Structure formats: C-alpha cells, structure tokens
Amino acid sequence: MRWGMVIDLKKCVGCCNCVLTCKAEHYLPPGIFWSRVLISETGKYPLVTKHVLPIRCNHCKEAKCVDACPTGATQQREDGLVWIDPDKCVGCRYCMMACPYQSRVYYDHEWEYFPGQGLTPLEELGRLLYPHQTGTVEKCNFCMERIDEGLAKGLKPGVDREATPACVVNCPTKAMHFGDLDDPYSEISLLIKERKGRQLHDEYGTDPSIYYLD
Amino acid sequence: MIQTRPFEFMTRYTPQREWIEGRGVLLWLAFFFIELGAGIFFVASLFSNLWGMFVGLVVCAVLGGGLHLLYLGHPFRFYLIFLKPQNSWISRGMIFVAVFLVLGIIHLGLSYWASSALGLLIVADIFAFLTVIYGGFAMNFANGIPLWNTALLPVLYVVAGFWGGAEVAMGIVLKTGALATVGASVEGLIRILLIAFVIIIAAYLISVRYGLGAGAISVGQIVRGKWAPLFWIVVVVLGVGVPAGVVIHSVVVGLAATSASLLYLSIILELIGDLGSRYLILKNGFYNPLTPISTVPTAWT
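First to last, the protein sequences are chains A and B. Under this note's numbering, the first residue of the first sequence is numbered 6, with each subsequent residue one higher. Under this note's numbering, the first residue of the second sequence is numbered 71, with each subsequent residue one higher.
Note that these hints are calculated values from the structure, not bench results. For clarity, every value in this text was computed on a predicted model and none was experimentally measured. Glycine included, C-beta positions come from ideal geometry on N, C-alpha and C. It cannot be assumed that every hint is accurate.
[To be verified] Looking from chain B toward chain A, a few residues come up when the C-beta cut is under 8 Å (computed):
| hint | residue |
| --- | --- |
| 1 | PHE77 |
| 2 | THR81 |
| 3 | GLU88 |
[Stated by the list, open to error] Listed next, with one range per pair, are the computed distances between beta-carbon atoms:
| hint | chain 1 | residue 1 | chain 2 | residue 2 | range |
| --- | --- | --- | --- | --- | --- |
| 4 | B | ASN157 | A | LEU130 | 31 to 41 Å |
| 5 | B | PRO362 | A | MET6 | 30 to 40 Å |
| 6 | B | LEU300 | A | LYS15 | 37 to 47 Å |
| 7 | B | LEU300 | A | VAL18 | 39 to 49 Å |
| 8 | B | SER185 | A | GLN80 | 13 to 23 Å |
| 9 | B | PHE146 | A | GLN80 | 15 to 25 Å |
| 10 | A | THR139 | B | PRO362 | 29 to 39 Å |
[Stated by the list, open to error] In silico negatives: residues of chain B with every beta carbon more than 12 Å from chain A:
| hint | residue |
| --- | --- |
| 11 | PHE79 |
| 12 | LEU139 |
| 13 | LEU180 |
With the sequences and hints as input, model every part of the structure.
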C-alpha cells in the first residue's frame, strides 16, 4: 500500500480552499503553511498563460529528507507517508535543504494571529489539541491522523470522507483525489493511467506520491 | 528576487534561506570554523607543531562546535544527531568531528606529558581530513540546488580548509619563532594549496555555470549579479590576489626577507576571502522553480 494524491489542474481554480482547510485542520500558526497554491504567469500580453499549482509534501518514495535527517525524526511509514516526530527533531534544517520541492517549513517561534492582543479561542484550542513545537521543522503529513482513525473504524481513505485528507474532502471543484498508488484499480491509479499523470520534477529521482493531471 | 507572497514561493528561482539568513549565519560560521580548525590541526601535525594542533582543536571545538549548537532549534537534543550515520551526512560529520576532537586531545596530552604516538596521530589526522570534507558532502547531497550538487564542492572545501589551516599554521610558526625551521615547508604547502584553490574554484564555477537552470542563475549572481562586488573584491582580489602577491614576493626575495606584517596580512585576508566564498556559496544556493517560468532576465545569468 502506498498512499498518493492526484491533482487535476484542469479543475483547480486556485481558490486556496485546500490551504485554508489545512491551516484549520492542523491549527497551523501564522506564517506556517503545509500546503500552498502557487500562481505564476508566462508569456507576454496578450498571449499570457496563468499557471496554478497546488503543492504540499510529495511524500516521495525515495525521500531525500528521510535520508538527510540526522536524528531519525523524519520517518517513512510502510504505507509511504513521510512524517516528522517533533520530539526527535533538533531543528538543524538539513531536511529543508535536501527537499528539492521546498515543502517543509521551520517553526522558529510562537506567533499570535493578533500580536499583543493574546490568543484567540481558536488558537487556544489549537494549542491544546494540536500543539506545534517551536524549533522544529514541519510539513504536510497527508492528514495521517484522519487516515489512521478512519482505517481503525474500517473506513477507506480516498472513498470515505472521514478517512481522507482534509484538503481533498474540502476541494470545491473536486480537483483532488486520494487513494492507493499500489492498487492498479484505485481511482487515482486509473486517473494517472488514463490521463498520463506527471510528477513534479521527476528528474530528481524522488518518485513523488503526488501526480498532476494537465 | 525576494519572494514574500506565499503564492509566489518557488515560482521563480528561489534561494535557500535557512542556512544563511537569520540564525543561519551561525551555521555559515560553524562550517567555516570546524573545517578551519581541522585544517590547522592537520597542517600543524605534519610539522609536529603542538601549538598549532592545540589552536586547531580549540577553533574546531569551541567556535565550530559551539556555533553549531547555537544554530540548532533544540541544542539540548544534539546527542540525537549521532544516531543516523548510515544515511545522513550531518550525522556522519558530527561523528567525524567528535572522534577527531577526542583523538586530537588524547594525542596532544600524550605528546605534552609523555611521548607522541604516531599511530594515534595518523588516525586523528584521518578524522581531521574527514571533518574538513564532510561539510562539502553534506551540501552536495541537496540535489535540488545545482550550485551545491557537484562533486567539485567537497574538493573545493577540502582545499579551502587546508589552505586556511596552512595560513594559520604559518601565523603560529611566526609567533612561536619557528620560521627558520619549518617556515619554508609551510610556505611551500601554502603555494600548492593556493594554486589548487584557484584552479578548483574556477573549474567549479564554470562547470556549474554551464549546467542547467538554477546553477547558471547561482553563478550569474556571484560573478555578474548582486554579489559580484563581494566575489571580485573580497574573494578574488583580497582573498586570493593579495596572498598570491605575498607568495610571489616570498619566492623572489626569500621567506626570511619577507616582513612578518606582510605574512600576517596575507593570513587575515585569506581567511576573510574563504569566509566570503563560503557565504556566496550558501547565499546563492538556488532551487529550480516548481511552475513554468518566463524567460529569465539576462542580468541574472
């Protein structure tokens, strides 16, 4: 089993709902993004092309960050998910250098959304439910808590909402799909096959678990 | 070039920041002092100069190690760094540094209070060499940064580390009045390392420049872009040109006739040039963009 994601760029409208959902799901502090939507333009007026690219950790099969981490804080599970154990992270940021996609972020010190005015009730709740350690590196974990809890309940990630990453569930245009890359008949495997899904910068040899459909 | 808006991050050639900006400056200095200290120890050991070996160990342990610890987000967890030498160059490097320091201290103690043990010194020198080279390999591992992901980078760092070590060893030789006995040998080593540095840094920049994408941007920024004054003035003229001038002067008039202040000036400028070149390499580590980009302005390349 290897969890993966397919993002249909023809359906993505760049609304950034996945970014906001991720921030809410993980109670991310100000300035910390586990997912982003990149927007760029090429060409010259009037022949301009706008590119919208939702990105997050690619959970690469050959993850450079896992090899780079000197403490074993960055680990890869059998189902392919790459995650960080904050209690083992020393904050050397070597994994950030090693990631060619720059999907990681360093949480250097605690921020408030409204500086000097104290924490909002949501921030207080977040510090209780989903604490973030300063001095450590963070990144998208494919909502592994949702996946694990869902599997424990007998649900199927990618099919059942409760067991699927929050960004996929909340995408208003259904541009994102989640599932098992090792299952040749899963929805994402079929999409990749039919529409010739491509990985980001496959020349790095990292074999990302996120595929894009153009 | 600075991209502050989240949606623009990695849509252009993007420099790494964590290892050079903010507290990242500490890591730049830590790499420099660790490699310099090991280089001093190695060169001083060739001439059985105990003072040189002592200075090398202090520079490596106190300045290099101390700054490394200060850089970490959780310095009190530093012992965890030794746990993954099978994969991580940082882990290997810290083990090299630790073994080098322990063996170096034991050797120094034995040499001072009893008699020197050649076998121990050889092993300490091997670990000093590994200490000098590990930073280059650690950076070389980042395959998203073409400026770092080249086999010439570890070679460049080895030569720079030993050249700096030889220059500081020359300073110690001058200070301890051993110029007549070992001065010529140290000066001979400096000449070889200086020539090697010039050849390797030129080959390094040229090979990266004619590679793909971000490498050309990195070298363009260093040689012709925003950082050109630092490269040409500090690295080339002061860091290489002046020491080369002093070397030529010493060849012409002889080392004994070369003034000590000129030699000290050469030592200081070489170290400043080395620091400058390391800063440029860290600062201009560009990643390729993730989205398609328009033509890059020619000024960048």
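Against the structure, the hints come out as follows:
A distance limit of 8 Å between C-beta atoms decides the matter here; for B:PHE77 the minimum to chain A is near 5 Å, and the interface restraint holds. A cut of 8 Å between beta carbons decides the hint on B:THR81: the least distance to chain A is about 4 Å, and the hint holds. Among the interface hints, the one on B:GLU88 holds; its C-beta lies about 4 Å from the nearest C-beta in chain A, closer than the 8 Å criterion. Between B:ASN157 and A:LEU130 the CB atoms are about 38 Å apart, so this pair conforms to the stated range of 31 to 41 Å.
The given range of 30 to 40 Å is respected by B:PRO362 and A:MET6, whose C-beta atoms sit roughly 33 Å from each other. With their beta carbons about 46 Å apart, B:LEU300 and A:LYS15 fall inside the hinted range of 37 to 47 Å. Checked against the hint of 39 to 49 Å, the pair B:LEU300 and A:VAL18 passes, with Cβ atoms roughly 44 Å apart. Range check, B:SER185 to A:GLN80: about 49 Å between beta-carbon atoms, so the 13 to 23 Å window is missed.
Between B:PHE146 and A:GLN80 the beta carbons are some 21 Å apart, a value that agrees with the proposed interval 15 to 25 Å. Under the hint 29 to 39 Å, the C-beta atoms of A:THR139 and B:PRO362, about 36 Å apart, fit the expected range. The Cβ of B:PHE79 does not lie farther than 12 Å from every Cβ of chain A; its closest approach is about 6 Å, which violates its non-interface assignment. At the 12 Å boundary, the C-beta of B:LEU139 falls inside the reach of chain A, the nearest C-beta of that chain being 10 Å off.
At the 12 Å boundary, the C-beta of B:LEU180 stays outside the reach of chain A, the nearest C-beta of that chain being 31 Å off.
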